[in-house]
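K.L.:
Chains A and B, in that order, are what the protein sequence lines are. Add 706 to the 1-based position in the first sequence for the numbering used here, that's all there is to it. Add 9 to the 1-based position in the second sequence for the numbering used here, that's all there is to it.
In short, the hints are calculated from the structure, not lab data. You may find that some hints are simply not true.
[As the list claims (entries may be wrong)] Pairs of lysine to aspartate or glutamate residues, derived as EDC-like cross-links and limited to a Cα-Cα distance of at most 16 Å, are as follows:
#1 A:K851 x A:E770
#2 A:K851 x A:E922
#3 B:K16 x A:E916
#4 B:K16 x A:D928
#5 B:K16 x A:D914
#6 A:K872 x B:E52
#7 B:K16 x A:E921
#8 A:K872 x B:E116
#9 A:K851 x A:D797
#10 B:K16 x A:E922
#11 A:K828 x A:D797
#12 B:K40 x B:E99
#13 B:K106 x B:E93
#14 B:K29 x B:E116
#15 A:K851 x A:D733
#16 B:K40 x B:E11
#17 B:K29 x B:E93
#18 A:K851 x A:D914
#19 B:K27 x B:E116
#20 A:K775 x A:D733
#21 A:K851 x A:D881
#22 B:K16 x A:E892
#23 B:K27 x B:E99
#24 A:K872 x A:E816
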Amino acid sequence: MELVCRNLTKRYLTKTAVDNFNLTFNDGHIYALLGPNGSGKSTLMKMIAGLTNPTGGYVELNGEKVGWKTKADIVYTPTEPFFFGYMTIGDVADYYGDFFKDFDRRVFTELLREMELGESMKTRKLSSGMLAKVKIAVTMARRAKVILLDEPFNGIDLIARDYISKLLIRYAPEDGVVVISSHMVEEIEKMIDVAVFMKQGRLELVSDVEKLRAEENISLADKYRQLYSKEA
Amino acid sequence: MEFQNNKPIYLQVIDDIKSKILSGEIRPGDKLPSSRELAELYEVNPNTASRIYSEMEREGIAYTRRGIGTFVSESAEQFDSIREETVIEETRSYVRKLKALGLSDKEILGLVEAFLKEG
């Protein structure tokens with residue numbers, strides 16, 4: 707699998723959200739997409755997912771321009787809740803099963819059991835931590851090649867965060883990529899292997915996390931501070 | 010597990026596994042978890058986990074049997090060398106810390122002796 711962003715650009719009337727972004731994402735890696743608010747992370751993810759059209763450049767998955775043909779291989783999970791409140795967890799599973807051929811109901815059921823959640827529970831009644839967990843469960847139960855997660859750790863407690871990290875590690879595809887945008891730089895360092903830093907819509911730096919430690923003697927958070935402290 | 014900030018994560022996990030071997034929690038010949046399970050256990054990247062096992066094999070602490078899994082080395086020499094390495098590393102970091110606090114060699118020796126007497 708190869709996911710390529712070439713000269714990828716998104717311009718709005720008054721500002722450029724993503725500016726000439728070039729990067730090839732390789733198989734078997736978990737990427738972190740890092741940068742302050744407004745650096746273009748979400749817009750980039752939405753373009754990779756084919757949910758918003760670039761104003762310049764393109765995204766290709768295995769040589770195929772991202773669009774309806776690649777939809778089955780790419781999953782994007784936004785930070786906002788996206789279930790209808792009246793739906794039960796079982797309804798969510800049906801909905802996913804209908805929409806996505808690759809949705810593996812067995813995996814989802816197994817995860818629900820692990821989380822001690824029942825299919826009859828209404829999503830409206832779930833705590834934000836539970837909701838975040840269900841979101842990751844439906845995401846990972848799709849065996850997609852490109853998994854894009856926008857701020858999966860926002861507004862949830864430590865226990866839910868640990869559980870989500872474990873699920874991501876367990877189901878990260880060997881023949882695909884996971885891209886996580888997050889402000890929790892310290893927390894996600896150990897689970898990712900490549901960090902992609904963005905600054906004002908542009909690609910600032912790509913770093914191998916263990917290399918930062920081995921060669922520069924610094925953690926990911928230290929690197930983040932180096933790159934952005936002047937902006938804060 | 011809490012990771013320190015200035016040392017590669019894979020090395021810290023290896024240190025942790027070594028200390029478990031020394032304490033007897035993991036025994037020579039034991040089958041280790043699959044690398045994906047190891048990743049989940051320590052909540053580290055799956056590639057980091059693979060690297061942990063290949064590094065442990067390189068050091069002779071573990072060996073892999075194709076299709077069966079990774080095992081802790083059974084050789085006594087390996088055990089002794091991990092032990093020796095751990096003792097040296099611990100002593101070095103202890104001495105460094107005390108020196109950084111401004112203690113003289115004599116004071117450090119005195120302290121160690123005092124604690125040894127205390128038992």
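K.L.:
Look at each hint and say if it fits the structure.
P.N.:
To see whether the hints hold, each was checked on the structure:
At roughly 14 Å between alpha-carbon atoms, K851 of chain A and E770 of chain A fall within 16 Å of each other, so this suggested pair holds. Between the alpha carbons of K851 of chain A and E922 of chain A the distance comes to roughly 32 Å, so the proposed pair goes past 16 Å and is violated. Proximity of K16 of chain B to E916 of chain A is assessed by CA-CA distance (about 8 Å); at most 16 Å being required, the pair is judged to hold. A threshold of 16 Å between alpha carbons decides the hint, and for K16 of chain B with D928 of chain A the separation of about 13 Å falls inside it, so the pair holds.
Between K16 of chain B and D914 of chain A the alpha-carbon distance is near 14 Å, which keeps this suggested pair within the 16 Å criterion. Of the pairs offered as hints, the one joining K872 of chain A and E52 of chain B holds, with about 6 Å between alpha carbons and a cut-off of 16 Å not exceeded. Taking the CA atoms of K16 of chain B and E921 of chain A, the gap is about 10 Å. The hint holds against a cut of 16 Å. Between K872 of chain A and E116 of chain B, the direct Cα distance comes to roughly 47 Å. Violation of the 16 Å bound is thereby established for this hinted pair.
Note on K851 of chain A and D797 of chain A: the hinted pairing is violated, with a Cα-Cα distance of about 24 Å set against a maximum of 16 Å. Between the alpha carbons of K16 of chain B and E922 of chain A the distance comes to roughly 10 Å, so the proposed pair stays at or under 16 Å and holds. Proximity of K828 of chain A to D797 of chain A is assessed by CA-CA distance (about 9 Å); at most 16 Å being required, the pair is judged to hold. Straight-line distance between C-alpha atoms of K40 of chain B and E99 of chain B comes to about 27 Å, which puts the hinted pair past the 16 Å bound.
This hinted pair does not check out: K106 of chain B and E93 of chain B have alpha carbons roughly 20 Å apart, beyond 16 Å. Restraint check: the Cα-Cα separation between K29 of chain B and E116 of chain B comes to about 32 Å, which exceeds 16 Å; the hinted pair is violated. The hinted pair formed by K851 of chain A and D733 of chain A meets the criterion: a straight-line CA distance of about 9 Å does not exceed 16 Å. The hinted pair formed by K40 of chain B and E11 of chain B fails the criterion: a straight-line CA distance of about 24 Å is larger than 16 Å.
Distance hint between K29 of chain B and E93 of chain B is fulfilled; the C-alpha atoms sit about 15 Å from each other, no more than 16 Å. For a cut-off of 16 Å, the pair hint linking K851 of chain A to D914 of chain A is broken: about 21 Å separates their Cα positions. As the CA atoms of K27 of chain B and E116 of chain B are separated by approximately 31 Å, the hinted pair breaks the 16 Å bound. For the suggested pair K775 of chain A and D733 of chain A, the alpha carbons sit about 20 Å apart, so the restraint of at most 16 Å is broken.
Distance restraint check for K851 of chain A and D881 of chain A: the Cα-Cα separation of roughly 7 Å lies within the 16 Å cut-off, and the hinted pair is therefore satisfied. Distance hint between K16 of chain B and E892 of chain A is fulfilled; the C-alpha atoms sit about 14 Å from each other, no more than 16 Å. Simply put, K27 of chain B and E99 of chain B have alpha-carbon atoms about 13 Å apart, close enough for the 16 Å limit, and the pair holds. This hinted pair checks out: K872 of chain A and E816 of chain A have alpha carbons roughly 14 Å apart, not beyond 16 Å.
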